Amino acid sequence: MPDFEPVLLRRIAKPDSTSLASYQADGGYQALRKAVTTMTPEQVIDVVKTSGLRGRGGAGFPTGVKWTFLPKGHPGPIYFCVNADESEPCTFNNRILMEQDPHQVLEGILLSCYAVRAWTAYFYIRYEYGKAFRAIENAIRELYANNLLGKGILGTGFNLDVFVHRGAGAYICGEETGLIESLEGKRAWPRIKPPFPAVEGAFRKPTIVNNIETVACVTHIVNRGADWFKSMGVPPDPKNPRDAGSYGPKLYCISGHVNKPGCVELPLGISVRELVDKHGGGVWKGRKAKGCIPGGISMGLMTEVEFDTPLDFNGPGKVGCLGLGTAAVTVFDEQTSIVDVLYNICRFFEHESCGQCTPCREGTGWMRKIVERIRNGQGRFEDLEILGEVGNNIGIMPGTTICGLADGAGWPVKQAVKKFRPELEAYIRSGQKSRQPLPLAAVH
Amino acid sequence: MSVLTPELRQKIEAYFPRYPSKQAVALPALHLVHDTLRCVPLEAVREIAEMLEISPAELNDTMSFYGFFKDEQHRLGKTRLWVCRSLACQLRGSDELLGHLCEKLHVQPGQTTQDGNITLEFAECIGACEGAPSVLVNDEAMMDVSNEKADKLIEELRR
Chain A
1 MPDFEPVLLR
11 RIAKPDSTSL
21 ASYQADGGYQ
31 ALRKAVTTMT
41 PEQVIDVVKT
51 SGLRGRGGAG
61 FPTGVKWTFL
71 PKGHPGPIYF
81 CVNADESEPC
91 TFNNRILMEQ
101 DPHQVLEGIL
111 LSCYAVRAWT
121 AYFYIRYEYG
131 KAFRAIENAI
141 RELYANNLLG
151 KGILGTGFNL
161 DVFVHRGAGA
171 YICGEETGLI
181 ESLEGKRAWP
191 RIKPPFPAVE
201 GAFRKPTIVN
211 NIETVACVTH
221 IVNRGADWFK
231 SMGVPPDPKN
241 PRDAGSYGPK
251 LYCISGHVNK
261 PGCVELPLGI
271 SVRELVDKHG
281 GGVWKGRKAK
291 GCIPGGISMG
301 LMTEVEFDTP
311 LDFNGPGKVG
321 CLGLGTAAVT
331 VFDEQTSIVD
341 VLYNICRFFE
351 HESCGQCTPC
361 REGTGWMRKI
371 VERIRNGQGR
381 FEDLEILGEV
391 GNNIGIMPGT
401 TICGLADGAG
411 WPVKQAVKKF
421 RPELEAYIRS
431 GQKSRQPLPL
441 AAVH
Chain B
1001 MSVLTPELRQ
1011 KIEAYFPRYP
1021 SKQAVALPAL
1031 HLVHDTLRCV
1041 PLEAVREIAE
1051 MLEISPAELN
1061 DTMSFYGFFK
1071 DEQHRLGKTR
1081 LWVCRSLACQ
1091 LRGSDELLGH
1101 LCEKLHVQPG
1111 QTTQDGNITL
1121 EFAECIGACE
1131 GAPSVLVNDE
1141 AMMDVSNEKA
1151 DKLIEELRR
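Line by line, the protein sequences are chains A and B.
If you use our numbering, the first sequence closes out at 444, no skipped numbers anywhere.
If you use our numbering, the second sequence closes out at 1159, no skipped numbers anywhere.
The hints are simulated quantities; they were obtained by calculation from the structure and are not laboratory data.
As the structure is a prediction and not an experimental result, all values here were calculated from the model.
In this text, a Cβ means the ideal position worked out from N, Cα and C, and glycines have one as well.
Just to be clear, a hint being listed does not mean it is correct.
To spell it out: a stretch of chain B is covered by chain A in this simulated footprint if at least three of its residues, at any positions, have a beta carbon under 8 angstroms from a beta carbon of chain A; those stretches are [what the hints assert, rightly or not]:
1) 1004–1011
2) 1067–1080
3) 1084–1092
4) 1138–1147
5) 1153–1159
Computed list of lysine to aspartate or glutamate pairs in EDC-like fashion (alpha-carbon distance at most 20 angstroms, straight line) [to be verified]:
6) Lys131/A to Asp1061/B
7) Lys1011/B to Asp1035/B
8) Lys1011/B to Asp333/A
9) Lys433/A to Asp1071/B
10) Lys369/A to Asp1095/B
11) Lys288/A to Asp333/A
12) Lys131/A to Glu1140/B
13) Lys49/A to Asp16/A
14) Lys1022/B to Glu1053/B
15) Lys131/A to Asp1035/B
16) Lys186/A to Asp1144/B
17) Lys186/A to Glu1140/B
18) Lys186/A to Glu1058/B
19) Lys186/A to Glu1148/B
20) Lys1022/B to Glu184/A
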């Protein structure tokens, strides 16, 4: 099978990949010209809808469909928010796109705003991505200077302003309504949905929030068509009526105990095993894998035996994972204690819970404390039952919280108890303490 | 005595046309003040709130949500050095790295060195996982940070 020809990462190794001149020399902004001079906004929405593009931020909602939720004939303003808050642990593909090819992202934003009739876009970027922030700001300046942003873009009636808004270190700002609250200058407490942002979002106006990789895909879909996009990936599973297919190229992040951590672009559907062995250089130090997190930590855990699972929107669910998530695979080897992995995950969610909903605020704390106790050699067997119960009951799916952070927090815990139970029981039985004592200074 | 200089005020005001509400300038304003003064003094909270036409309590509500912003009692040093502690970095030695830096700088995470140069903190995933263990130097990531590389960085930051 021939090596996949990169689309999204096509330009990143080029010198001067970030400049407007270089982007245009490679055919950049032709899709924009095509859209604003020969297509109506509805036609752009149609091509994105037909392409089957699903959001790359973690939830995988069909992008074109989301755009149709906007009220028809709304007098405006309609806002477009770019979600560049990428904070799911082990995920870094958005960072690479912004740092190395900012114009690809910006063209996608322009096209998306044209489609949804937004004339103001807020680019919400996490504070920690300083280099990406400067690359994007620079690119925006170039666009204003070249009649590609501002009033009368390319001599048409299309006006757009893009304003960059820096975050302040909160994972929950990646949740679309958390992002909107943060943008409005408030605590990033997610909102109850409905109403969905498309109906009432930022500043109480219709708003669309899309991920960086998603908008980058929009650029290519308008350029090369829906059929081209669908030529990559996996069609819907006939046995699953809710599967909307897994089309297009995907950026996969590989990290942890592998020889070649990095970001690789492939059509949706590659298995974990092939991703790790063929693209990640295999497990490090000649060891074997014990398991991995398959899509950012919110998606749960996979054992090594489950590594043949395809990483598309349908596959991970078959082994009990929450979904594809951010397609970030982090491998841990056979010498890693599952208790250490679980502790790290629980500590993250406790720290990042916004605190609004009791089951999440308290539940993430309980899970961390219990796993910490197990880690310190004071675990009990009933702890595993409690962890399972908490994991099963916090979240938007069991209906006890406003947003999905709690689901993400509970999933790896539930899965660890289910899939790594023998190791957990042996750990508790032995009364051992973690082989990796944290330096005292780093205790939370 | 105004904490916000005319220059800072102008920079904050420059953000107003971007948003339909002044409260939306909260984060940009807090960042501007925090970057300049290395903290957000209480008096600055009052002055920013007045500019944004919200109550000081509302601005404090926002500011206190983000552990990012420090008050006068926890003023940052010249450089903020964050060590990522999330999963990919932990799997490749971030605990040891943090311990090494605590020893080298004679501080606990959250504290600033005696000479006021470096504030050491831990961070949740900074998105530099391909180079784990990674650190953030103010707002730029540095990857593949061995103890030796960390020592070199400290040397440079102290110059």
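Status of the hints after comparison with the structure:
no., hint, verdict
1, 1004–1011, "violated (count 0)"
2, 1067–1080, "holds (count 3)"
3, 1084–1092, "holds (count 7)"
4, 1138–1147, "holds (count 4)"
5, 1153–1159, "violated (count 0)"
6, Lys131/A to Asp1061/B, "violated, 29 angstroms"
7, Lys1011/B to Asp1035/B, "holds, 13 angstroms"
8, Lys1011/B to Asp333/A, "violated, 50 angstroms"
9, Lys433/A to Asp1071/B, "violated, 37 angstroms"
10, Lys369/A to Asp1095/B, "holds, 19 angstroms"
11, Lys288/A to Asp333/A, "holds, 6 angstroms"
12, Lys131/A to Glu1140/B, "holds, 6 angstroms"
13, Lys49/A to Asp16/A, "violated, 33 angstroms"
14, Lys1022/B to Glu1053/B, "holds, 7 angstroms"
15, Lys131/A to Asp1035/B, "holds, 16 angstroms"
16, Lys186/A to Asp1144/B, "violated, 36 angstroms"
17, Lys186/A to Glu1140/B, "violated, 26 angstroms"
18, Lys186/A to Glu1058/B, "holds, 8 angstroms"
19, Lys186/A to Glu1148/B, "violated, 42 angstroms"
20, Lys1022/B to Glu184/A, "holds, 9 angstroms"
This entry does not satisfy hints 1, 5, 6, 8, 9, 13, 16, 17 and 19, going by the numbered hints stated previously.
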